[in-house]
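Trainee: Line by line, the protein sequences are chains A and B. According to our numbering, numbering within the first sequence proceeds without interruption in unit steps and concludes at 531. According to our numbering, numbering within the second sequence proceeds without interruption in unit steps and concludes at 321.
Keep in mind that the hints were calculated from the coordinates and are not lab data. Some hints here could point you the wrong way.
[What the hints assert, rightly or not] Covered stretches of chain A (in silico footprint by chain B; criterion: 3 or more residues with CB under 8 Å from a CB of chain B, positions within the stretch not fixed):
#: 1; stretch: 109 to 121
#: 2; stretch: 232 to 239
#: 3; stretch: 296 to 308
#: 4; stretch: 315 to 329
#: 5; stretch: 407 to 420
#: 6; stretch: 436 to 449
#: 7; stretch: 473 to 487
[Said to hold, decoys possible] Below, a sample of chain A positions facing chain B; criterion: calculated Cβ distance under 10 Å:
#: 8; residue: 63
#: 9; residue: 215
#: 10; residue: 368
#: 11; residue: 503
Bear in mind that the values here come from a model prediction, so they are computed numbers and not experimental data. Don't be surprised by glycine CBs; every beta carbon is placed ideally from N, CA and C.
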Amino acid sequence: MKFARKALTALLALAMLAGCSSAPKEPAANPENPSEGEQTPVQGGTYIIRQATDPGSFNPDVKGDDMATYTATNVFNRLVKTTASTEIIPDLAESWEFSEDGKTLTFHLYENVKWHDGEPFSSEDVKWTLDMIRTEGFQSNSFKMIEEITCPDANTVVIQMSSPSAAILSSLGWLGTFILPKHIYEGTDWTANDANMHPIGTGPFKFESYEKGQAITLVRNDDYFMGAPYLDKLVITIIPDANTAFQAYMNGEVDDLMLNIPSNEIAGLKANPDYTVYERASNNRTYLTFNFDEEPFNDVRVREAVNLGINRQEVLDKAAKGIGAVPQYYMTPVFAWAMNDAVTIPERDVEKARQLLEEAGYTADANGMYMSVTLDLFDSGDFKDTATVLQQNLKEIGIDVKLNITEMGTWQQKVQVDSDYQMAMLSGSQGPDASAISMRVHSAGAFNLAHCKNAELDALLDEGAITTDQTARAEIYKQAQVILAEELPIVPVKEATFTVAVRNTIHGHPYSEEGIHTVASNEFSRVWVEE
Amino acid sequence: MKRYIGKRALSGLLVVLLSVCFNFTLIRLAPGDPIRIMAGTDNPNEEMIEALQQKYGLDKSIPEQFVMFLGNVAKGDLGYSYISDESVIKLIGEKIGPTLALSLTAVLLSVTIGTLIGIYAARKNGSKFDQFVCSISYVFDATPGFWLGLMMILIFASTLKWFPTSGMVNLRANYKGFAYFADVCRHLVLPITTMVLTQTPYYFRIARSSVLQVMSEDFITTFKATGMKESRIFNKYVLRNAILPTVTVLGMSLAFLLSGSVLIETVFAWPGMGRLMFSSISKRDYPVLTGIYLVTSVVICIAMILVDILYGFIDPRIRYD
């Protein structure tokens with residue numbers, strides 16, 4: 001029981017370090033930042049956040065939908081929640097413990113929690129929701145190890161697992177795990193219940209209205225079990241165009257752009273004394289993957305040549321305008337405890353890359369090109385610019401790259417379903433737990449686009465998922481990185497950072513020092529605004 | 001006349017059916033799968049994807065899906081969105097008001113302003129005024145709407161602070177009644193101005209050139225030779241002949257009104273049909289798309305029939321027997 005909590009504490013401490021070290025400059029940039037003082041919070045006001053498109057549904061557990069996240073995080077609660085620095089902190093569960101064998105996880109819930117319709121909340125709601133999530137929810141993959149969920153009393157939930165799981169807490173604190181009201185959903189089709197468009201939760205804000213294409217309006221829940229929030233209203237406005245949104249932000253019509261500040265505006269905000277810009281480590285990275293089934297990338301030497309040929313600093317500077325970081329490890333550095341310093345990503349080496357292509361049996365033509373390949377990518381964020389830099393980089397090692405830029409649906413069909421590609425670029429969250437890498441490189445992984453099949457790697461990843469001792473786990477993932485460096489199913493290109501600007505009159509923001517360890521990454525329950 | 005309308009309605013129905021059939025098939029033949037797009041690249045779940053594909057009938061062949069769709073349309077049911085599980089009729093219905101408020105106002109203003117200036121410029125053919133508006137019209141005709149929209153925001157919202165940046169209402173104020181109406185109007189000014197500036201040149205050129213063309217016809221010369229008053233010739237004979245092309249293009253514009261303006265709606269965050277259509281395309285929300293295509297093609301057919309009937313009234317040479 002104690003070891004897991006200790007391990008968790010260690011993990012959290014590391015995560016805190018990672019979070020802090022990525023943002024060392026802001027206090028210096030704003031030495032007289034008035035937001036750090038001992039001020040009395042101001043009650044009231046409307047706080048407006050922007051998102052790009054409409055949400056599908058407000059049932060956050062059925063289908064993955066980023067556009068429902070702000071609403072879900074503020075209307076519902078999970079058992080545990082994840083802060084912007086990826087710490088796991090209590091939400092509905094005040095405390096929890098693992099059994100000695102690591103197969104039983106017991107949650108002790110807060111008392112006197114009420115649903116927004118006045119009904120009392122109990123452990124039965126948790127059991128019902130988790131049973132739905134692990135069978136029909138979009139995160140059901142993450143809860144395959146759960147055998148049974150029981151409720152010894154109204155405030156206790158016991159999860160029985162077939163094997164110990166290192167990832168279960170992270171998964172429960174991630175997305176798709178919001179606890180729904182059993183009294184409203186039981187016996188109905190949870191994909192089509194009326195509550196999906198008028199959610200009833202236990203969270204700090206109550207749902208008030210949704211005008212499609214315009215805004216979702218939430219109002220303060222005065223009965224919130226952790227204390228009523230300061231804001232009267234939390235409005236999520238829908239502005240599709242990023243430039244318009246930025247103008248609306250500067251004109252005071254929007255209070256918060258969260259992670260969607262246009263990258264060319266960040267330098268201006270950093271220089272503006274009225275704003276504080278926070279940069280937090282993210283587990284999202286951009287990477288290249290290869291079709292292992294076909295020439296030329298079935299040859300590891302060609303993959304290695306690409307790995308040696310790309311100039312990651314140039315990608316960061318030119319395509320990402322300096323927002324992000326150069327990858328150093330074969331797994332996301334957010335899990336700092338699992339990084340293997342012996343197998344870091346090599347420096348760019350054009351000569352060695354060309355030599356590898358020669359060894360692989362290719363000969364350069366009159367233009368110095370060994371081969372011509374296609375890179376498939378979809379139009380998203382800085383992907384196009386990144387691909388243009390990569391194209392230039394690889395030309396220098398003698399690989400002529402043709403870019404095939406489509407929209408995401410077309411890309412998925414070609415790359416994911418038909419596996420009709422040579423080299424592809426994508427990005428994606430590598431969390432919430434280190435074991436998430438399995439999905440992308442395990443031979444049975446749902447998103448193993450490369451069709452990588454390495455028995456040794458599979459065995460390590462399988463073991464990593466059920467090992468709960470942090471030191472033993474770190475060893476496993478360090479070994480996995482050795483194989484990842486040899487096999488190269490993924491070639492990391494850029495680490496993302498979460499970049500958020502907060503006006504200095506805004507307090508308690510989830511990305512600020514005040515909120516980074518105390519609220520979920522999209523939770524606005526402690527936010528207040530100076531008059 | 002009645003027989004003519006009956007014939008047109010019947011052929012219109014056929015056109016609608018054909019276009020829906022094409023659209024239904026084409027969008028489903030395009031690569032991409034709505035469920036996979038929904039699942040994303042963070043943590044896609046194969047079992048979930050298959051279950052949802054079955055639920056929405058995506059595992060069936062396109063002809064099978066089409067037969068199911070036609071059966072439902074016959075019952076007045078356009079189906080449910082894959083993304084929100086809401087009724088397509090409801091989703092489309094919600095967009096009609098805001099779409100018309102923006103696009104219809106803009107079209108009516110553009111056609112009025114453009115035609116009036118066009119006629120005036122044609123009467124003063126070759127004058128300084130004519131030269132001036134002609135060159136201005138080329139400038140705005142060549143200006144992309146979304147860029148002009150952003151410039152309008154930068155000038156009138158960000159710098160001068162005269163108008164709100166985007167959206168349909170002030171989200172901090174809780175306006176009701178007339179104050180709400182006035183607030184919506186304030187939010188309409190910039191998008192409508194942008195649309196009017198880019199659409200007016202079109203109506204201007206059509207009015208100007210058709211007036212000039214009619215004025216150069218032989219019968220006008222004959223009238224002039226008889227000594228008929230210039231203003232009488234113009235008002236009674238030139239205008240009536242010159243207005244026909246304007247009616248034709250106005251009919252076309254009105255027909256496509258309901259599909260909205262994707263770029264302007266996107267730049268100004270206006271909750272119109274264009275944005276619904278655009279997001280449905282990128283998410284492959286087939287039922288919503290098919291619904292929008294169906295509604296749009298019905299409206300186009302009706303508008304075309306109305307324009308034809310209107311011709312009969314304006315132009316006595318056209319008679320439908």
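Trainee: With reference to the structure, classify each hint as holding or not holding.
Mentor: Against the structure, the hints:
1. For a cut-off of 8 Å, the count of residues in the stretch 109 to 121 of chain A with a CB near a CB of chain B stands at 0, and the three-residue condition is violated.
2. Under a criterion of three residues with beta carbons nearer than 8 Å to beta carbons of chain B, the stated coverage of the stretch 232 to 239 of chain A is upheld, 4 such residues being counted.
3. By the rule of at least three residues with a Cβ nearer than 8 Å to a Cβ of chain B, the coverage given for the stretch 296 to 308 of chain A is violated, with 0 such residues.
4. Only residues whose beta carbon comes within less than 8 Å of a beta carbon in chain B count, and the stretch 315 to 329 of chain A has 0; fewer than three means the coverage is violated.
5. Look at the stretch 407 to 420 of chain A against chain B: 9 of its residues bring a Cβ nearer than 8 Å to a Cβ of that chain, three or more, so the hint holds.
6. As drawn, the stretch 436 to 449 of chain A meets chain B at 4 residues by the rule of a beta-carbon pair under 8 Å; at three or more, the given contact holds.
7. With a cut-off of 8 Å between beta carbons, the stretch 473 to 487 of chain A has 0 residues touching chain B; three or more are needed, and the interface restraint is violated.
8. The interface hint given for residue 63 (chain A) is met, as the beta carbon of that residue sits about 5 Å from the closest beta carbon of chain B, less than 10 Å.
9. Interface hint at residue 215 (chain A): satisfied, since its Cβ lies 6 Å from the closest Cβ of chain B, which is below the 10 Å cut-off.
10. Here the hint on residue 368 (chain A) is broken, as its CB sits about 35 Å from the closest CB of chain B, past 10 Å.
11. Because the closest C-beta pair between residue 503 (chain A) and chain B is about 15 Å apart, greater than 10 Å, the hint is violated.
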